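Residue numbers (UniProt numbering), protein chains in the order written: chain A, 1 to 158; chain B, 1 to 158.
Hint data in this document are derived by calculation from the structure and do not stem from the laboratory. Wrong hints could be hidden among the right ones.
One copy or two, it doesn't matter: identical chains are merged, so the pair holds either way.
[Claimed, not checked] Here are the simulated EDC-like pairs of lysine to aspartate or glutamate, each with C-alpha atoms no more than 20 Å apart in a straight line:
{"hint": "1", "residue 1": "102", "residue 2": "153"}
{"hint": "2", "residue 1": "3", "residue 2": "68"}
{"hint": "3", "residue 1": "116", "residue 2": "153"}
{"hint": "4", "residue 1": "75", "residue 2": "63"}
{"hint": "5", "residue 1": "75", "residue 2": "26"}
{"hint": "6", "residue 1": "59", "residue 2": "24"}
{"hint": "7", "residue 1": "145", "residue 2": "6"}
{"hint": "8", "residue 1": "30", "residue 2": "61"}
{"hint": "9", "residue 1": "75", "residue 2": "111"}
{"hint": "10", "residue 1": "3", "residue 2": "97"}
{"hint": "11", "residue 1": "3", "residue 2": "96"}
{"hint": "12", "residue 1": "3", "residue 2": "107"}
{"hint": "13", "residue 1": "77", "residue 2": "14"}
{"hint": "14", "residue 1": "75", "residue 2": "99"}
{"hint": "15", "residue 1": "3", "residue 2": "99"}
{"hint": "16", "residue 1": "30", "residue 2": "141"}
{"hint": "17", "residue 1": "145", "residue 2": "26"}
{"hint": "18", "residue 1": "77", "residue 2": "100"}
{"hint": "19", "residue 1": "77", "residue 2": "64"}
{"hint": "20", "residue 1": "116", "residue 2": "68"}
Since we're looking at a predicted model, the values are computed, not measured.
Protein chains: 2
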Amino acid sequence: MLKLFEYNWQVRADWFTWCETVPEEELLEKRGGGIGSILYTLFHIVEVEYSWICGLQGKSEPEEPPFEAYASLSKVKALSSQYHREVESFVTSWTDEMEELKLAETDSNGETFSFKYGEIMRHVIAHEIHHIGQLSVWSREIGRKPVTANLIDRGLFG
Amino acid sequence: MLKLFEYNWQVRADWFTWCETVPEEELLEKRGGGIGSILYTLFHIVEVEYSWICGLQGKSEPEEPPFEAYASLSKVKALSSQYHREVESFVTSWTDEMEELKLAETDSNGETFSFKYGEIMRHVIAHEIHHIGQLSVWSREIGRKPVTANLIDRGLFG
Numbered sequence: 001m002l003k004l005f006e007y008n009w010q011v012r013a014d015w016f017t018w019c020e021t022v023p024e025e026e027l028l029e030k031r032g033g034g035i036g037s038i039l040y041t042l043f044h045i046v047e048v049e050y051s052w053i054c055g056l057q058g059k060s061e062p063e064e065p066p067f068e069a070y071a072s073l074s075k076v077k078a079l080s081s082q083y084h085r086e087v088e089s090f091v092t093s094w095t096d097e098m099e100e101l102k103l104a105e106t107d108s109n110g111e112t113f114s115f116k117y118g119e120i121m122r123h124v125i126a127h128e129i130h131h132i133g134q135l136s137v138w139s140r141e142i143g144r145k146p147v148t149a150n151l152i153d154r155g156l157f158g
Numbered sequence: 001m002l003k004l005f006e007y008n009w010q011v012r013a014d015w016f017t018w019c020e021t022v023p024e025e026e027l028l029e030k031r032g033g034g035i036g037s038i039l040y041t042l043f044h045i046v047e048v049e050y051s052w053i054c055g056l057q058g059k060s061e062p063e064e065p066p067f068e069a070y071a072s073l074s075k076v077k078a079l080s081s082q083y084h085r086e087v088e089s090f091v092t093s094w095t096d097e098m099e100e101l102k103l104a105e106t107d108s109n110g111e112t113f114s115f116k117y118g119e120i121m122r123h124v125i126a127h128e129i130h131h132i133g134q135l136s137v138w139s140r141e142i143g144r145k146p147v148t149a150n151l152i153d154r155g156l157f158g
């Protein structure tokens with residue numbers, strides 16, 4: 001489980017580096033087929049990961065902060081770093097016994113669902129990889145080579 | 001590990017169902033920002049998964065079959081089903097002890113690399129999710145709602 005989070009964090013850092021080479025107006029331009037701009041997508045990845053990890057820690061899940069307050073590369077990077085300490089601490093202390101714990105969620109109709117912790121952890125992993133796939137399309141559309149999505153050969157396995 | 005493979009297989013089946021509602025010429029049209037058409041992307045996912053699993057089983061990795069021979073939805077689906085039996089059998093018999101086994105690969109310059117089995121398994125998982133992210137963009141571009149990428153709420157955790 002940890003290795004896939006580490007992969008996501010490394011790929012995210014690579015995309016932040018990639019963003020430094022791209023004019024900010026390109027990063028903020030609304031793109032088709034996803035959830036918004038390149039920068040909004042990175043903000044969303046950061047925010048969703050943190051929100052679920054808060055839930056798994058038994059903390060109340062924070063309201064999504066308004067993107068307008070974070071609409072620059074430096075601010076999204078800073079938010080990612082700020083949240084990362086807590087996220088990393090939770091993920092690195094994960095144990096197999098936590099798989100079966102349950103988190104109850106209430107939807108907008110007041111209905112309650114519960115999900116196993118193991119299900120949520122894998123959801124968070126897949127969520128980031130999925131959105132990064134969208135970035136790769138937009139990157140090539142603006143004539144830039146995307147960050148490699150390869151998991152092998154990143155030094156994650158020593 | 002198994003749960004993320006099961007997620008990928010379920011999402012892939014959902015995309016095959018989605019493809020049935022889309023004219024085949026749309027499925028075969030070359031798209032920008034990825035590796036080709038929607039159908040070629042699905043073919044590539046199927047082929048790459050099988051090829052790595054062959055390697056992990058100690059079998060020689062098959063040559064990538066020519067896409068021209070599989071350029072229809074029914075043929076890609078049939079190939080996926082054909083390979084799936086072997087892939088599923090390997091993945092469901094995975095044990096933690098296999099994590100550290102090593103597979104040697106030779107690149108086009110004749111250089112040899114080796115990867116841990118655990119690294120390759122996670123690479124295969126991330127590879128499919130990444131490409132599915134690309135399909136989601138193209139899907140919305142042609143005015144079709146994509147398959148949900150959510151991992152929660154798919155019944156994968158009973």
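Practice item. Measure nothing new, just compare the shortest in-copy and cross-copy C-alpha distances for residue 75 and residue 111 to 20 Å and report within, between, both or neither. Key: neither (35 Å within a copy, 42 Å between copies)
Practice item. At 20 Å max between alpha carbons, let me know whether residue 3 reaches residue 97 within a copy, between copies, both or neither. Key: both (18 Å within a copy, 16 Å between copies)
Review point. Is it within a copy, between copies, both, or neither that the alpha carbon of residue 3 lies no farther than 20 Å from that of residue 68?
Key: Neither: 32 Å inside a chain and 36 Å across chains, both beyond 20 Å.
Exercise for review: Evaluate residue 3 and residue 107 at a C-alpha cut-off of 20 Å and name the case that applies: within, between, both or neither.
Suggested key: neither (31 Å within a copy, 25 Å between copies)
Exercise for review: With 20 Å as the alpha-carbon cut-off, assign the pair residue 3 and residue 99 to within, between, both or neither.
Suggested key: For residue 3 and residue 99, both the intra-copy (16 Å) and inter-copy (12 Å) Cα distances are at most 20 Å.
Exercise for review: Check residue 3 against residue 96 for me: Cα-Cα at most 20 Å, and say if that holds within a copy, between copies, both or neither.
Suggested key: Classified as both: same-chain Cα gap 14 Å, cross-chain 14 Å, threshold 20 Å.
Review point. Which holds for residue 30 with residue 61 at a C-alpha limit of 20 Å: within a copy, between copies, both or neither?
Key: Cα proximity of residue 30 and residue 61: none, with 27 Å in one copy and 42 Å across.
Exercise for review: Can you give me the call for residue 145 and residue 26, within, between, both or neither, at a CA distance of at most 20 Å?
Suggested key: within (14 Å within a copy, 25 Å between copies)
Review point. Using 20 Å as the alpha-carbon threshold, which applies to residue 77 and residue 14: within, between, both, or neither?
Key: Result: close within a single copy only, 11 Å intra versus 35 Å inter.
Check your understanding: At most 20 Å between C-alpha atoms: does residue 145 with residue 6 qualify within a copy, between copies, both, or neither?
Key -> neither (22 Å within a copy, 31 Å between copies)
Check your understanding: Between the shortest in-copy and the shortest cross-copy C-alpha distance, which are at most 20 Å for residue 77 and residue 64: within, between, both, or neither?
Key -> Within one copy only: 16 Å inside, 40 Å across.
Point to revise | Intra- versus inter-copy proximity for residue 68 and residue 116 (alpha-carbon distance at most 20 Å) | key: Neither, since 33 Å and 43 Å both go past 20 Å.
In this structure, the earlier hints numbered 2, 6, 7, 8, 9, 12, 14, 18, 20 are contradicted, and the remaining ones agree with it.
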